[in-house]
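Asker: In the order they appear, the protein sequences are chains A and B.
Just so you know, my numbering puts the end of the first sequence at 315, numbered straight through with nothing missing.
Just so you know, my numbering puts the end of the second sequence at 315, numbered straight through with nothing missing.
Don't take each hint at face value.
Intra- or inter-copy, both count: the list cannot distinguish identical chains.
[Unchecked claim] 30 Å max Cα-Cα, derived DSS-like pairs, lysine-lysine:
hint	residue 1	residue 2
1	Lys59	Lys179
2	Lys59	Lys170
3	Lys287	Lys59
4	Lys162	Lys59
Bear in mind the hints are in silico, worked out from the structure with no lab data behind them.
Small disclaimer: the values here were computed from a predicted structure and weren't measured.
Here is how the chains run, residue by residue.
Protein chains: 2
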Amino acid sequence: MTHSSKLILGPDPEDTRLSAAVTGVNELGKEVDLRIVTERPLTLFLNRQEIVTMMTIGDHPDLLAIGYLINQNMLNPDDPINAIDYDDELGVVVVRTDTETKFETKMKRKVRTSGCAQGTVFGDVIDAFDDIKLDSNATLKTSWLGTLTKQINTTPSLYLEAGAIHGCVLCSEDQPLVYMEDVGRHNAVDKIAGWMAVNKSDPADKIFYTTGRLTSEMVIKTVMMGIPILISRSGFTAWGVELARQSGLTLIGRARGKRFTVLSGRDRIEFDADMSTAPRDQKDAL
Amino acid sequence: MTHSSKLILGPDPEDTRLSAAVTGVNELGKEVDLRIVTERPLTLFLNRQEIVTMMTIGDHPDLLAIGYLINQNMLNPDDPINAIDYDDELGVVVVRTDTETKFETKMKRKVRTSGCAQGTVFGDVIDAFDDIKLDSNATLKTSWLGTLTKQINTTPSLYLEAGAIHGCVLCSEDQPLVYMEDVGRHNAVDKIAGWMAVNKSDPADKIFYTTGRLTSEMVIKTVMMGIPILISRSGFTAWGVELARQSGLTLIGRARGKRFTVLSGRDRIEFDADMSTAPRDQKDAL
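Starting from the given sequences, assemble the full structure and let the hints guide the process.
Answerer: Right, dumping it as structure tokens:
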């Protein structure tokens, strides 16, 4: 079996806008040089409606904008977008649709009464989530996990270059397809959601890998994207597990090499890996 | 030198509302039992104004509410609060003030024009941040770091019990005073800010420790709280470093045992530790 990389889009650690060189001092009082990741505010508008200010490394603002709106149920993947205007200097991205979106109409009404849309948006996302039952034909072979995590961990990345950054990877079987990084872990997810919408990628046979914890928000976003399998090297929260079980998501945490814990959707897992040599590491990462 | 614990308020891993027992399957297909942390939505109101829905483990909703409002510059530590109403079942906390806050007056005006307050709040926080210059008399002795991190790491906590949770600790010299945990790392900071406001704790001689990365938001919150020294075992972002240097915050990252990297405010550091035996670990945690 050959493992030529199938990576379509990945991190660009060479992009000098995404990291900075700084000089500090170590515990001995000696000067040290290091590279650290960029972080800057990006304010998202949907037409004339201001939505949110995100802290991001700043790559792929168009995909981040689209993915955020879709994952927050503010935009349907089918809604015709006629322009995405990005102003690097102002830190503003505007997604423009032909006609006013359902979300905008609703918000106009909402804002007049209480002045804030946060709770409404949250409630709407939960309502939309409740309607989704994930495809049950997808499979994960445990023999894929070692290859997959090795490929992810050895792909040149800002994580390897500078650290202190989260990564999310859209995968097919044991191969990473799209690998996004961001200082905000939810931004990394949203950039992948944006890529999937733009490229009309079928979620039903995909696997989603994240370095972040398996919280409610991570589970909700994965399910909103229609992906049936979510893997993390980190741990779980109780509500994340509850939501995964409700929607039929396969939820795998504490994945280190061949080791893992599955707390939902084990029916999709085919236990075909040779486990005779795997060491045990139970400590959660964050 | 004795090290009897000076911890005033710490994690309560025995509280059954904060974690749940779940059964899963490991990589061998065998059943495993584990404890995982709770996560639930809490919607915050300032009087009649809905502010935000946070994902939290749910302890100290009153301190979280007050600390969030103060750190977002929506409430002054001196504003008289006449009630905090918390409804556990609805997941709602309401902070009530005697008179309408400046923030509410401003938001009413803002909401009428654009319908969203996010960008305004962000701009206001940055403006408030720009006015703060931290006290320069505070000191950090490098010999404190080993004791401090050992005390934090051995305090009974949800992290030790269940993992996948962030911790923040308000410290004095080499002793933890208030240790808060939460699934959202900013919630842990905000709960400490709330505790400090309620207990009128002087920030000028304190040290703040976090398990999370040193991002802009972490730096802004620490500076808004008036604490001159911020330590993390994780890495930095470029904007976090820039903001720390601007406000004169001592910013120490990658702190593991006696090892660390300081990228801002080294003048406060007294290099008195014996470094002859410390091992080197350069890898960033998240």
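Asker: For each hint, tell me whether it holds in the structure or not.
Answerer: Taking the hints in turn, this is what the structure says about them:
1. Proximity of Lys59 and Lys179 under a CA criterion of 30 Å is satisfied inter-copy only: 24 Å between copies versus 35 Å inside one chain copy.
2. Taking the closest pair of Cα atoms, Lys59 and Lys170 come within 30 Å of each other only across two copies (16 Å); inside a single copy the shortest separation is 49 Å, beyond that limit.
3. Within a single copy, Lys287 and Lys59 get their C-alpha atoms only as close as 40 Å, which misses the 30 Å cut-off; across copies the closest is 14 Å, which meets it.
4. Taking CA atoms no more than 30 Å apart as the test, Lys162 paired with Lys59 passes between copies only; the shortest distance there is 26 Å, against 56 Å inside one copy.
Of the hints listed earlier, there is not a single one the structure fails to meet.
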